[in-house]
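2 protein chains.
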Amino acid sequence: MTITITDVARIAGVSVATVSRVINYPDRVKESTRCKVQKAMDENHYVYNALAGSLGKSSTRTLGLIIPTITNPIFAVSTQGVQSAAARRGYSLLLGSTEYDAETEYNLVQLYLEKQVDGIVFSGRPLNDRSLAYMKSRRIPYLFTWEAVDDIDAPHITFDNRRAAKQVVDYFVSMGHRRIGMVAGRFKDTGRAYRRWMGYKDALVQWEIPYDDKLVIQKPYSVASGREAATRLLKMEEPPTAIFCANDILAYGAMAAARDLGRRVGVDVGIIGFDDLEMSAVMDPPLTTVRIPGHEMGTMGADALIDMVEGKKPETVQYVLETDLILRESVPRLN
Amino acid sequence: MTITITDVARIAGVSVATVSRVINYPDRVKESTRCKVQKAMDENHYVYNALAGSLGKSSTRTLGLIIPTITNPIFAVSTQGVQSAAARRGYSLLLGSTEYDAETEYNLVQLYLEKQVDGIVFSGRPLNDRSLAYMKSRRIPYLFTWEAVDDIDAPHITFDNRRAAKQVVDYFVSMGHRRIGMVAGRFKDTGRAYRRWMGYKDALVQWEIPYDDKLVIQKPYSVASGREAATRLLKMEEPPTAIFCANDILAYGAMAAARDLGRRVGVDVGIIGFDDLEMSAVMDPPLTTVRIPGHEMGTMGADALIDMVEGKKPETVQYVLETDLILRESVPRLN
DNA sequence: AATCAATATGTAAGCGTTTACATTTAGATC
DNA sequence: GATCTAAATGTAAACGCTTACATATTGATT
Chain A
58 MTITITDVAR
68 IAGVSVATVS
78 RVINYPDRVK
88 ESTRCKVQKA
98 MDENHYVYNA
108 LAGSLGKSST
118 RTLGLIIPTI
128 TNPIFAVSTQ
138 GVQSAAARRG
148 YSLLLGSTEY
158 DAETEYNLVQ
168 LYLEKQVDGI
178 VFSGRPLNDR
188 SLAYMKSRRI
198 PYLFTWEAVD
208 DIDAPHITFD
218 NRRAAKQVVD
228 YFVSMGHRRI
238 GMVAGRFKDT
248 GRAYRRWMGY
258 KDALVQWEIP
268 YDDKLVIQKP
278 YSVASGREAA
288 TRLLKMEEPP
298 TAIFCANDIL
308 AYGAMAAARD
318 LGRRVGVDVG
328 IIGFDDLEMS
338 AVMDPPLTTV
348 RIPGHEMGTM
358 GADALIDMVE
368 GKKPETVQYV
378 LETDLILRES
388 VPRLN
Chain B
58 MTITITDVAR
68 IAGVSVATVS
78 RVINYPDRVK
88 ESTRCKVQKA
98 MDENHYVYNA
108 LAGSLGKSST
118 RTLGLIIPTI
128 TNPIFAVSTQ
138 GVQSAAARRG
148 YSLLLGSTEY
158 DAETEYNLVQ
168 LYLEKQVDGI
178 VFSGRPLNDR
188 SLAYMKSRRI
198 PYLFTWEAVD
208 DIDAPHITFD
218 NRRAAKQVVD
228 YFVSMGHRRI
238 GMVAGRFKDT
248 GRAYRRWMGY
258 KDALVQWEIP
268 YDDKLVIQKP
278 YSVASGREAA
288 TRLLKMEEPP
298 TAIFCANDIL
308 AYGAMAAARD
318 LGRRVGVDVG
328 IIGFDDLEMS
338 AVMDPPLTTV
348 RIPGHEMGTM
358 GADALIDMVE
368 GKKPETVQYV
378 LETDLILRES
388 VPRLN
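Line by line, the protein sequences are chains A and B. Its first residue numbered 58, the first sequence is counted upward by one per residue in the working numbering. Its first residue numbered 58, the second sequence is counted upward by one per residue in the working numbering.
No lab work stands behind these hints, which were simulated from the structure alone. One should not assume that every hint holds.
Copies of the same chain are indistinguishable here, so a pair counts whether it falls within one copy or spans any two.
As the list claims (entries may be wrong) - EDC-like cross-link-like pairs, simulated, lysine to aspartate or glutamate; straight-line CA separation at most 20 Å:
#1 Lys245 with Asp186
#2 Lys193 with Glu160
#3 Lys193 with Asp99
#4 Lys96 with Glu171
#5 Lys245 with Asp207
#6 Lys193 with Glu100
#7 Lys93 with Asp210
#8 Lys114 with Asp325
#9 Lys193 with Asp208
Can you make the complete structure from the sequences, with help from the hints?
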């Protein structure tokens, strides 16, 4: 029923090896026969079977990418980076999300290995130590993005979550804020959430502001939980004048919370986010936030991984990309 | 180097067929031998080779999904739907985006076919007639989401873009608006954009409002272009009192444009979006928009496709899901 | 103990490629 | 035209699994 390389060979009157060559190394076959074969393929609507092909070669020219969730637009941009860089070099992408679940992540790793991907890009530290152990036991390359993973001997392309978070709080302080709350991500979900909290604390230490437990609320990343958390903070007897949200999604929720309570963002209360999503610039007021190199991180990650796959580069790429605090109008200067 | 089914068989002292059976049909092998084999697999860190497996069976248990872009969050939600429904039934997903380019789409289809996917979910009508012809020439099932494709004999799971758009304009009219602009998507990019424009016109006809060319601007979907287009509309000598944006992303831009020009959304000018993204509820003011069944469309699409793949259902699923106009505060009542 | 039907396992031929190696062909050199 | 080298093509053995079919084992039934 389906036509194979063998059929094409028969029709064109050549051997299967020759057909395989016109597919893989066209310039190793004489032009006249190449045309004959090409014609036979076209006329019979031959479709290459990549499964069989990869079984013969060692490689599938496929990368696996693991992200927390596709639902947060920020992972869409890094994913697009990985995808486009991979495509540019002739690789395709297997995409999977963990939804912050360690077991799901492990299954994903296993699936990828079974599907014989040539390499895996992780977004952040693996949630599951088994995932890592599994990877190490195999011989395929992998790397980390989104978060440095110091204790693991693998390359990473990342940015400094802790430092970026500290800069946020530094800025609040420079605007006269001393009582600063934080809507953090859940530390058990991601190391990034934890690092950003560390950065928050670093700044407090530097500016000699006592750490207050009640000012920090861990929440999953969603608009609704940002709203809840910020509502709680703003309703305290002694509410913060500024709130650092661990990502823009949470910040949007926090802005809504402030409005609900009649506090004007950028006038009565300061809010800063993290990620610089496309929408942040058109919030009312425009949201001050940390721009992270999502797309770049993706492309560099894919490129570095492919280099490893193809044995081109040393295995110790350790890039730390720059972040920028984008100043907009969501932070008032306190008299 | 890598350990295969043959190694496992040798170690466990059984035949390869038996090993294959413990992998695929565990209950067809006696418990004692199953344990022996399992042990041999575990101790030697055997990893199943899905490539070789699929070559033997007919199926890869993999679906291909084609979306316009991963960058618009609304496709993230339908993608997540497809993904989760597929996973639930033991299928994995190959994800690719066309970026609204016909050639890219065709390449994607070709890639999927080469990778032997069991079926393909399209998001909207194929941009490229060759894609479609190609699909038809193969024997693998496919279906459409996001948009009915009447002239193609394939199932679809969709919603009525035209009707939903008409309801938007109906609502504007019911609030006293007669001069209504539209920031539309580009008709050449998607049929959905065109359909929504048709719905806009349907309403104008019904309410006997003359169609004015200058009130409709086609733009690619981005915040920036929404802002541009709305700016242009609002700066007209006789500006619209209401603007229908073909998606929420454009609407966010339009809201910013209104603010830039000192027009209060929901008071001086009405804006309605389309998609009901998570953020729309926390815009200032909260954005009135059309909620579409993105997640449901995804899950139903995947389920229907898998049914087809597995030969379970008639091939003529034609679901039209419901949309809802979510009334919030971005539309003023005109005196 | 013989018979029979399940049940469990083994044998070996695919699945559609790739590729090392062998063979043929072509073109250049004398 | 004989010789040699390089280029073009062919042969056949992998790659790691599945599965139809054959064979062996088991246990119930008589």
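To see whether the hints hold, each was checked on the structure:
no.	hint	in the structure
1	Lys245 with Asp186	within (13 Å within a copy, 48 Å between copies)
2	Lys193 with Glu160	within (18 Å within a copy, 39 Å between copies)
3	Lys193 with Asp99	between (44 Å within a copy, 16 Å between copies)
4	Lys96 with Glu171	between (36 Å within a copy, 19 Å between copies)
5	Lys245 with Asp207	within (18 Å within a copy, 48 Å between copies)
6	Lys193 with Glu100	between (47 Å within a copy, 16 Å between copies)
7	Lys93 with Asp210	neither (51 Å within a copy, 35 Å between copies)
8	Lys114 with Asp325	neither (64 Å within a copy, 65 Å between copies)
9	Lys193 with Asp208	within (13 Å within a copy, 52 Å between copies)
Comparing the model with each earlier hint shows violations of hints 7, 8; every other hint is respected.
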